Structure formats: C-alpha cells, structure tokens
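The primary structure of each chain is shown beneath.
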Amino acid sequence: MDTKRTIFRHRLLPYFLLAPQLAVTAIFFLWPAGQAVVQSFEREDAFGLKTTFVGLANYTALLSDPDYLNSLKVTVVFTVAVTLLSLVAALVLALAVDRMIKTATGYTTLLVWPYAVAPAVAGVMWWFIFNPTIGLMPYLLEQVGYHWDHSLKGTDAMILVVIAASWNQISYNFLFFVAGLQSIPASMREAAAIDGAGPAKRFWTITLPLLSPTTFFLMVVNVVYAMFSTFATIHATTQGGPAQATNILVYKVYNDGFIGLNLGSSSAQSVVLMVIVIALTVIQFAWVERRVQY
Amino acid sequence: MMRKFLIASLMLGTSLSAANARTTITWWHAMGGELGTKLDQIVAAYNASQDKYTVEATYKGSYPETMTAAIAAFRAKQQPDIVQVFEVGTGTMMAAKGAVYPIYQLMKDTGAPFDPKAFLPAVVGYYTDAAGNMLSFPFNSSTPIMYYNKDAFQKAGLDPNTPPKTWEDVVADSKKIMDSGAAKCGFTSGWISWVQTENFSAWHNQPIGTLQNGIGGMDARLTYSKDALLVKHWDDLAKWQKSGVFEYGGPGGGNDAPPKFYSGECAMYMNSSASLAGVVANAKTFQVGYGMMPYEAGAAGAPQNSIIGGATLWVLQGHPKEEYQGVADFLTYLSSAAVQADWHQFSGYLPITMAAYELGQKQGFYDKHPGTDVGIKEINLNPPTDNSKGLRFGNYVQVRDIIDQEFQKLLAGSESAQDALNNVDARGNDLIAQFEAANK
Numbered sequence: 093m094d095t096k097r098t099i100f101r102h103r104l105l106p107y108f109l110l111a112p113q114l115a116v117t118a119i120f121f122l123w124p125a126g127q128a129v130v131q132s133f134e135r136e137d138a139f140g141l142k143t144t145f146v147g148l149a150n151y152t153a154l155l156s157d158p159d160y161l162n163s164l165k166v167t168v169v170f171t172v173a174v175t176l177l178s179l180v181a182a183l184v185l186a187l188a189v190d191r192m193i194k195t196a197t198g199y200t201t202l203l204v205w206p207y208a209v210a211p212a213v214a215g216v217m218w219w220f221i222f223n224p225t226i227g228l229m230p231y232l233l234e235q236v237g238y239h240w241d242h243s244l245k246g247t248d249a250m251i252l253v254v255i256a257a258s259w260n261q262i263s264y265n266f267l268f269f270v271a272g273l274q275s276i277p278a279s280m281r282e283a284a285a286i287d288g289a290g291p292a293k294r295f296w297t298i299t300l301p302l303l304s305p306t307t308f309f310l311m312v313v314n315v316v317y318a319m320f321s322t323f324a325t326i327h328a329t330t331q332g333g334p335a336q337a338t339n340i341l342v343y344k345v346y347n348d349g350f351i352g353l354n355l356g357s358s359s360a361q362s363v364v365l366m367v368i369v370i371a372l373t374v375i376q377f378a379w380v381e382r383r384v385q386y
Numbered sequence: 426m427m428r429k430f431l432i433a434s435l436m437l438g439t440s441l442s443a444a445n446a447r448t449t450i451t452w453w454h455a456m457g458g459e460l461g462t463k464l465d466q467i468v469a470a471y472n473a474s475q476d477k478y479t480v481e482a483t484y485k486g487s488y489p490e491t492m493t494a495a496i497a498a499f500r501a502k503q504q505p506d507i508v509q510v511f512e513v514g515t516g517t518m519m520a521a522k523g524a525v526y527p528i529y530q531l532m533k534d535t536g537a538p539f540d541p542k543a544f545l546p547a548v549v550g551y552y553t554d555a556a557g558n559m560l561s562f563p564f565n566s567s568t569p570i571m572y573y574n575k576d577a578f579q580k581a582g583l584d585p586n587t588p589p590k591t592w593e594d595v596v597a598d599s600k601k602i603m604d605s606g607a608a609k610c611g612f613t614s615g616w617i618s619w620v621q622t623e624n625f626s627a628w629h630n631q632p633i634g635t636l637q638n639g640i641g642g643m644d645a646r647l648t649y650s651k652d653a654l655l656v657k658h659w660d661d662l663a664k665w666q667k668s669g670v671f672e673y674g675g676p677g678g679g680n681d682a683p684p685k686f687y688s689g690e691c692a693m694y695m696n697s698s699a700s701l702a703g704v705v706a707n708a709k710t711f712q713v714g715y716g717m718m719p720y721e722a723g724a725a726g727a728p729q730n731s732i733i734g735g736a737t738l739w740v741l742q743g744h745p746k747e748e749y750q751g752v753a754d755f756l757t758y759l760s761s762a763a764v765q766a767d768w769h770q771f772s773g774y775l776p777i778t779m780a781a782y783e784l785g786q787k788q789g790f791y792d793k794h795p796g797t798d799v800g801i802k803e804i805n806l807n808p809p810t811d812n813s814k815g816l817r818f819g820n821y822v823q824v825r826d827i828i829d830q831e832f833q834k835l836l837a838g839s840e841s842a843q844d845a846l847n848n849v850d851a852r853g854n855d856l857i858a859q860f861e862a863a864n865k
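Residue numbers (the working numbering), protein chains in the order written: chain A, 93 to 386; chain B, 426 to 865.
Pulled out of the complex, with its shape left as it was, chain A reads as follows (with noise of 0.2 Å):
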C-alpha cells in the first residue's frame, strides 16, 4: 500500500502536534477507564469514605447474578433486533429511492431528517404515542383487539424500545445504502437485466454482493450503537422495566451505579463492556475488513 510520508524537520514537532488530541483521549478516555478498572476491584461506600480491596469478588458476583445474566440476555435479544430492522428498513428505502429519478433528493432530505432527533426527544414520542393511558398506538390496538401494556408486558416494552431505537438509526443507514447503491455501476445491472434476470434475481445476485462492505460496515456500527448508545432511548421510555424486561447492559451500569451507588459492581459490568467493545472493533479490522467481496 503507498502511504504519504511527511518528514518533519524537528523531531519534536509531531509529538507536539498530537498533544492536544492526546490529552483529550488521556483525560476524557483513558483516566475514567483506569479508574473504572481500579474500581471494579473494590468495595466502596457511596460517599468514598470507607475502600476495601476485594480482587475478584466484584467479577465472580456479577456471574452469578441473575440479574446480570437476565441483562445480558436482554441486551443480545435488542441488540439483534434493532440492528435487523434498522438495516433491512433502511435497504428498503434505500432501494426505493435509488428507483426515483427526479425526486430522489427530496425523499432522501426528508428520510435523513430523523437522524437529527435527538434520542432522548425520539424517546419520549415514542413513550407518547405508545403510553397505554393517553397514547394513540395502544388505543388503535385495542380496536383490533390487543391490549397494549408496556408498563407490565415485557414483550411490549421491548418492541417499543426496538421501534424507538431504530428510528433515528435507519436515517443513518439509509444515507449509507443510498451511497452504496449510487457506486454500483448501473451497467451491471443492466447487463444482468440483458441477460433476463428479474428484479428479485439482480438484487439477489448482484446489489447486495456489492453491497456488503457497506452492510458489514453498518452492522458493526448498528451493534455498536445497539449495545452502548441507545440509554436515552431506554431512559426515556422503559427506565429498564418492566421487572427488567428491558434492563439493558448500559442501562445496569447507570442504575447500579448512579442510583444504587454501588460502585465496585458498576465500575465491574463497565470493565465488562469495554472487553465487548474491544472485541467487537478488532472484529470490524480484522476479520470483516478482510473476508467482505469487494
């Protein structure tokens, strides 16, 4: 691979260019994390008054806390879900828009639009529209004969906040399939069409192959985003309930630790989720990267 070198005259000079940014990194990443680690292997009173060293205690309450398996669980089951359905939406319009001749640029503006709601705000019109007191969803439900329940169905609090965690993403990915498509040459398809393979076939055979960077990239991303940046949403609408239902891992972390201030656990299913994220980012560069068909 050819990369650009630059030869700086002082040797110091680089060093002294990244030091902002690895200030930033030091005192906004790295310091929190350390302390994190720290933490999770002790006990500590909520005002941090009192601090015993407990090694591995914090890890192996964690393990068999059903309670953390349960979140575990859930995280995996939401996870899932909402990257499934915000990429397969997000293809679906994605496809349809490309089909649009003229006004591709209009439907394109108003499907990105979501994207600059913020979580928190999409969060609470979703628990608007699907509050079983005064919101429309659970009302139309009820004429079809479902009684809509998220404050005590754990199946329904999961559905709302998959729905209301997907929204804003399929805007995300959306904008990244409309890019993927626009850079499959049409020619191919053309050809394809030439040779009598119909929509479905072309799809099949042809756009999504050539699409699997991009997906593999927006799965990566879509876990990601899944797994650790979805508390507003969950925040705003379920708080982790029904009994748990929706206790994602993040979520656990902020309550245990914030609310229960229970510290040494917290700081534990932190340390916990960092080895998840590693894992999932040297998956992203060193497997996917290689295996995707370019």
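Treat the hints with care, since some could be wrong.
Mimicking DSS-like on lysine-lysine, the simulated pairs with C-alpha atoms at most 27 Å apart in a straight line are [to be verified]:
1. B:522 with A:142
2. B:865 with A:142
3. A:142 with B:746
Simulated restraints on C-beta separations [claimed, not checked]:
4. A:115 with B:705: 41 to 47 Å
5. B:481 with A:145: 36 to 42 Å
6. A:305 with B:862: 47 to 53 Å
7. A:144 with B:840: 32 to 38 Å
8. B:594 with A:145: 54 to 60 Å
9. B:705 with A:148: 53 to 59 Å
10. A:145 with B:644: 19 to 25 Å
11. A:291 with B:486: 52 to 58 Å
12. A:204 with B:594: 58 to 64 Å
13. A:217 with B:653: 42 to 48 Å
14. B:653 with A:239: 31 to 37 Å
Because the hints were derived from the structure by calculation, they are not lab data.
Please read these numbers as outputs of a predicted model, since none were measured by experiment.
C-beta: ideal position from N, C-alpha, C; glycine also.
Given chain A's structure and the hints, the job is docking chain B onto it.
Using the frame of chain A, we list chain B on its own:
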C-alpha cells in the same frame, strides 16, 4: 482601552464583594412543580427577612437524582451546604459519618435555639440515632392517604361523605361505581412500595424486617414474605388489577396514577398526603374527598398508625464556619410555626412541629378544609410500635426498585404473591448485606 477595562472590572469586583457580604448557602432539593414554586417563595421570604445570608435553592430533579448528585458532588468536594434526601436514603446518609453534619451537633455548635421536643415524635423518630439525637432536619414529611371522587360516589348511589374504611369496602364501592358507570376503575395508587407495602404492614402492625425494621442495627434483614396479610394484599391487588377494580400506575412514584384520578377514570386514589397540591390544581371537574387508608377487616390491631415518607434536610461537612451559622439560622426559620403551617397547608405535607399544627387549628384551617388533617390523624392514631416507627435499611433505594420489579412480575402473572415477596426478601437482603459489608 485596556486601562478602562481594568478599572471597570475593578469596580465590578468591589460591587460584587459588597453583595458578597452576605454569605451564600446552597441548598439542593427535589421539589418540582407547585411545591417547587412554593419552596422558592419561602426561600425568597427568608432572604428578604435578614441581610446576613442568601440561600440559593437549586432544583436537582427527582429524589434519587438529587441524592446521587449530592454524593457525587461530595466526592468531588463541591457539595452543597444542605441537601434534601428522601426517607429511604436515610440508611445511606446515617452511615456516612464524616460526610454529614448531624443537626443536633450543628445546632449545639452554632448556639442556635433548638428544642427537639417541639417536633412531632412520629416524624422525628424516623431520623434520630439510637441515642435519640436528631440527625437530619425533617422538612417535608407525608403519609399515604386516600383521595376520592365525591361526584362518582354520588352517581353510584354511595354516600359521598363516607369513604370506604376497609379493603372489603373499597372493593364493594368500586364494584358499585364501575357497575353504575360513574367511573371505569375503582382505585389506583402511587408508590406501590411505600403505600401498598411498607405502610400496609405498619398500618396492620406487622414487621417488614428484623430489629425494629432495621432501626436497631445494620445486621437487620427484610421479612416481607412472612407477613401473611401483606401476601394476601399483594395477591388481592393482582386479582383486582385483572377485574379492573385496581389500575396499576407504574413503578416508583407511579407516574400514571395521578392522571387516572384527575381524568375521572379511577374513583379513588391512594398516595402521599403531599399529593394534595397536585390534586387541588388538577382535579377541577369534581369534588374531592379525603379518607384514611383502608385496612383489612378483622385484622387484630389494625389500624395501628401510618409511617411517614417524604424527605429531610441533611447538612454536609466541608464548609466554612460562617456558612454553618447561616444554615442553622435558616433551619430555625424553616421550623418556625408560621412557615411550617403555611408549607403544610399549601402542600399537604405534615406539620413537623406541634406549634404549626396548633396554629392551623387556631386559624380554623382544618374546619375550612375538612380532610386536610387526615394524614396527621393517621400518624398519631396510636403510639408507634416497633413495627410502625419506620424502617431503616442500607441500599434501600434499590430495594424499592426490586419491590416494583417483583410487583410487576406478579401483575404480569409470571409469579405468585408469595413468590414475589420471597424474591423481594432474597434479593433485597443481598443488597442490604452488601451495604453492611461496605460500611463496616
């Protein structure tokens, strides 16, 4: 140019320091809405009443948010002078020796006039240590009462001036109300944990934990599942939810409960006596009646007395002496009969001193507003027993969450009332044991 700027900033500096002759006292609280407005008025009146101190009151969100904000601030050495902490945070605050400045100590050190006997025993008992010393200042204490829709009672052919006394009456009245179409549901409730669980046990003189519900020491444990009446009550609530007599208002404080009552959907509503301001402001289309909490007919010793909730003011360590002088002065002002009576009559919180209650009687407030003293009558119904003094457990904020979670599982039909309360005990006691270990 530069010189002009310097002079201007110097002048600004001196004028600021002139204003700074008043010592600023910071107070973080959790009073939103109507209560927050009232609190700001009280603070403004105090600031106008003297020229030595300025109290700055800041709304920090919900009770758990306010408490965790103050604790985080303490760890960062940015803590306020005063923080309002809800009753279930008491265990955590009491254990934090070195972080809190006990009220009795503060009053002694500053020489402020202070007589612990002037306060209502049922209120102060919750916040004193084993030696009887007052640790925090009971600013707003409330107790659960029943609000009911008099118009709906009338429509259903019931006497609008006789609220149901027992749970059997509640169900019978609810059925009449629902059958007559006066309302869609019988009753709803805020705070399942506090109203329908902790207070239910106290009201029936049953323990919820060992060692006087935890007041006796940190090695106390929960025993909810052993209270047969409570098991029956949870079982009943689940059945009533199915038949529509009861509608669940959500976890925590139960955000969905008040709208159900305000809109006329539910004819009865059990919640804090301090929900009064909200009820008065929102229930505009019907007459509101007030009643005591129902009890199980035939239960020996019921009704006993209700226990309080609400919050107290904790003073935090780490500030200069003159600020504490101001804190003591402000707390003295807050406990004066006039301020207390005004706050109590507006908000529905209990008057914390006898003098404030007597002032209300003298003013004829309770005659003009019948029912507003229901809460006071409830907490003073009988001398408190070991089961009805209150409760004190560490990590109890999370235990409350567990109570909500298990109650939701019960309502969803995934476990029985006995299993739900067994789980509350097992999971809660784990947390309490962790707290004990961390604070040894």
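Check: Can you list which hints this structure breaks, lowest number first?
Finding: 4
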